[in-house]
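Visitor: So you can see what is in the structure, the chains are spelled out below.
There are 2 protein chains.
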Amino acid sequence: MVKRSFPLSKVYQLLEPGPVVLATTARKGRTNIMTMSWHTMMEFEPPTVGCVISNRNYSFDILKATKECVINIPTVELARKVVGCGNTSGNTIDKWKAFHLTPAAASCVTPPLINECFANLECKVVDSRMVSKYNFFILEVLKAWIAPSARARRTLHHLGKGTFMVAGKTIRLPSKAK
Amino acid sequence: MVKRSFPLSKVYQLLEPGPVVLATTARKGRTNIMTMSWHTMMEFEPPTVGCVISNRNYSFDILKATKECVINIPTVELARKVVGCGNTSGNTIDKWKAFHLTPAAASCVTPPLINECFANLECKVVDSRMVSKYNFFILEVLKAWIAPSARARRTLHHLGKGTFMVAGKTIRLPSKAK
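Chains as they are written, first to last, in my numbering: chain L, 1472 to 1649; chain G, 1472 to 1649.
Careful, some of the hints might be misleading.
Heads up, the list lumps identical chains together, so a pair's fine if it works in one copy or across two of them.
[Claimed, not checked] With a straight-line cut-off of 35 angstroms between C-alpha atoms, the simulated DSBU-like cross-links for lysine-lysine are:
| id | residue 1 | residue 2 |
| --- | --- | --- |
| 1 | LYS1474 | LYS1604 |
| 2 | LYS1568 | LYS1595 |
| 3 | LYS1499 | LYS1595 |
| 4 | LYS1474 | LYS1538 |
Treat the hints as calculated values from the structure; they're not laboratory data.
Work out the full structure: start from the sequences and follow the hints.
Guide: In structure tokens, the structure reads:
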């Protein structure tokens, strides 16, 4: 999927609606993919994201040690792969092969972008103080990518137990909000 | 709107999809409403929620001092009221009157529920350590309410600048996820 650079000042527009994302990590030449829904924007610029990653996940130790990840945003076409990545562990399988996903080189971090996702956010951990108590990492987005064709973003929003709301229509109201 | 008690173990199903919410606070007999999109689940049980509230908001000082709020979840029918609450300050107007919203008594906290919202989560602040640096409050949900009729929850998801994605169709995939 062809991507163009996306302004860091607009990253909140991608994460604020609450999509399920796929986080990629890398260590010692091995890369992994994790499905994640517990994240929030924390600051507009530099774009800062808080996310919870269970310490039972294979990706937890990798992120804690390497302090780098990519947040990849999938649309509904990837729903089965998203569930697949969430139901398996990188400790026992290669999720790229198992779910036919394609890595692409990032520009600022070691973990790869997922080519099939319409947006990719290269991140570094900037604050780990809440990791031991809450498994909560604070990330700064260093570089963002988007597919120019991704106008109608049919993102996935987890309602629990494998049920997802798919992004519906868009409405616009006069607002002073950023 | 008639409400029934909602199991605390299922609260994540309401917030994980990332809806815009209305947070109510109370101090010295005055109550206020704030529109909020920057929140995430942090733990299933007790349901724990992290949220960012700008220190420029009238509600920030109230929540910091009183340590209580209610998270109310609106649907698309309330879109204009949601934008109205986001574009005004409780410092200068009474949002209940301005936007024709109705308070209802909570059972565990002082701030009121918004009757027109299909779900209401009574919360107390349990960790303020990240407030000074990130305006980030960690809340525990003490009691949850839901309208029994709220099957198709057409929640709002902010895409920036008054543009909202409205919750679309629901899909279900076999999954081991909670």
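Visitor: Which constraints among the numbered hints does this structure fail? Numbers only, ascending.
Guide: Of the numbered hints given earlier, the structure breaks none, since each of them holds.
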